[in-house]
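Engineer: Produce the complete structure using the sequences and hints provided.
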Amino acid sequence: MEALGCLIFSPLTSLSNSHKEQSLKLLGSTNSFNPLEISSVKFRIQKNNRSVIRMQVVEEEYELKQMKDMAAARKRWDAMIREGKVKVLTPREAGYAIQLSNRTLLDVRPSTERQKAWVKGSTWIPIFEVDSGFDAGALSRKISSFMMGGWWSGVPTLSYDRKFLSKVQEKFPKDTDLIVACQKGLRSLAACELLSNFGYNNIFWVQGGFEAAEEEDFETEGPQPLKFAGIGGLSEFLGWTDQQRTAAAKEGWGYRLVFSVRLVGLVLAADALFLGAQQVGRYLQDLRSY
Numbered sequence: 009m010e011a012l013g014c015l016i017f018s019p020l021t022s023l024s025n026s027h028k029e030q031s032l033k034l035l036g037s038t039n040s041f042n043p044l045e046i047s048s049v050k051f052r053i054q055k056n057n058r059s060v061i062r063m064q065v066v067e068e069e070y071e072l073k074q075m076k077d078m079a080a081a082r083k084r085w086d087a088m089i090r091e092g093k094v095k096v097l098t099p100r101e102a103g104y105a106i107q108l109s110n111r112t113l114l115d116v117r118p119s120t121e122r123q124k125a126w127v128k129g130s131t132w133i134p135i136f137e138v139d140s141g142f143d144a145g146a147l148s149r150k151i152s153s154f155m156m157g158g159w160w161s162g163v164p165t166l167s168y169d170r171k172f173l174s175k176v177q178e179k180f181p182k183d184t185d186l187i188v189a190c191q192k193g194l195r196s197l198a199a200c201e202l203l204s205n206f207g208y209n210n211i212f213w214v215q216g217g218f219e220a221a222e223e224e225d226f227e228t229e230g231p232q233p234l235k236f237a238g239i240g241g242l243s244e245f246l247g248w249t250d251q252q253r254t255a256a257a258k259e260g261w262g263y264r265l266v267f268s269v270r271l272v273g274l275v276l277a278a279d280a281l282f283l284g285a286q287q288v289g290r291y292l293q294d295l296r297s298y
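Note that the sequence shown ends on residue 298 in the numbering used here; no numbers are left out.
Source of the hints: derived by calculation from the structure; they are not laboratory data.
Hints are not guaranteed to be accurate.
Here are the simulated lysine-lysine pairs, PhoX-like style, with alpha carbons at most 25 Å apart [stated by the list, open to error]:
(1) K192 with K93
(2) K258 with K124
(3) K179 with K95
(4) K128 with K83
(5) K93 with K179
(6) K179 with K76
(7) K95 with K175
(8) K124 with K76
(9) K128 with K175
(10) K175 with K73
(11) K128 with K95
(12) K124 with K182
(13) K179 with K124
(14) K171 with K182
(15) K95 with K83
Structural biologist: Next up, the structure:
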């Protein structure tokens with residue numbers, strides 16, 4: 009948020025002068041201008057500045073609310089585990105329970121992660137799914153998510169599936185032993201809380217999620233390793249995630265070379281775009297001068 013604040017506020021000090029110069033050029037002379045038109049420009053700039061400030065305040069309040077909600081949720085989850093309502097399993101213990109005891113693994117990840125890799129024989133019922141709405145509220149959430157790091161991590165905007173509990177109940181009676189897992193362990197904890205409150209009393213939570221699992225812990229299917237199912241965005245493209253660094257240490261230079269080439273290509277593409285933008289700017293300036 010601080011970084012976003014810097015991006016928003018740093019141009020504001022010079023915004024007024026630049027808009028004045030542009031308006032004067034459009035009027036044809038810097039020595040003769042209409043004061044009423046300049047004052048309307050000032051009014052628009054001040055109005056835009058107030059809108060930007062309001063937007064930042066809303067973003068900060070939203071982020072603070074999220075932090076408070078997460079802190080409260082963690083307290084509830086800790087109490088739930090202490091009271092034995094949910095039992096904790098490591099990924100390896102969960103793998104043994106599935107293979108040796110035929111227990112059910114409930115995968116609550118969104119489709120973007122599930123389609124990359126999954127545990128063989130698991131049941132998939134997402135607690136949060138990719139938000140496919142295009143109304144004003146959904147678009148606002150998507151833009152905020154992208155600006156707050158979605159472009160880097162590739163994590164999409166998710167929304168709670170209100171039919172989650174009914175879908176679970178359709179498949180499993182409330183006395184079923186359910187091993188609940190997600191990619192990192194947080195969404196599965198939220199699912200465990202809902203299931204416990206709904207009357208399920210044999211719930212097991214996979215601590216750390218699939219990201220904490222080793223290859224031999226589960227029998228998996230899908231085009232990617234299970235550990236990689238939660239990564240995406242520019243960080244995945246450049247190989248700058250923890251999972252890819254671990255893989256690079258095992259695979260050696262051949263694996264690292266792929267991402268080094270991608271990085272060089274990205275830098276060259278950005279440089280080409282910058283030079284192209286400069287050329288277009290000069291071309292437009294020449295057109296104006298004629």
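Engineer: Now tell me if each hint is right for this structure.
Structural biologist: Each hint, compared with the structure:
Taking the CA atoms of K192 and K93, the gap is about 20 Å. The hint holds against a cut of 25 Å. Restraint check for K258 and K124: the C-alpha separation of about 21 Å stays at or below 25 Å, so the hint holds. A hinted pair counts as satisfied when its Cα atoms are at most 25 Å apart, and K179 with K95 qualifies at roughly 21 Å. Restraint check for K128 and K83: the C-alpha separation of about 33 Å exceeds 25 Å, so the hint is violated.
With a C-alpha separation of about 21 Å, the suggested pair K93 and K179 falls inside the 25 Å cut-off, and the hint holds. Between K179 and K76, the direct Cα distance comes to roughly 34 Å. Violation of the 25 Å bound is thereby established for this hinted pair. Proposed proximity of K95 and K175 is supported: the alpha carbons are some 22 Å apart, at most 25 Å. For the hint pairing K124 with K76, the CA-to-CA distance comes to about 32 Å; that exceeds 25 Å, so the pair is violated.
In summary, the hint linking K128 to K175 is supported, as the alpha carbons are separated by about 20 Å, within the 25 Å threshold. Restraint check for K175 and K73: not satisfied, since their Cα atoms lie roughly 29 Å apart, outside the 25 Å limit. Note on K128 and K95: the hinted pairing holds, with a Cα-Cα distance of about 22 Å set against a maximum of 25 Å. For the hint pairing K124 with K182, the CA-to-CA distance comes to about 30 Å; that exceeds 25 Å, so the pair is violated.
For the hint linking K179 to K124, the alpha-carbon distance of about 24 Å falls within 25 Å, and the restraint holds. For the suggested pair K171 and K182, the alpha carbons sit about 16 Å apart, so the restraint of at most 25 Å is met. For the proposed pair K95 and K83, the alpha carbon gap of about 16 Å is at most 25 Å, so the pair holds.
Of the hints listed earlier, those the structure fails to meet are numbers 4, 6, 8, 10, 12, in rising order.
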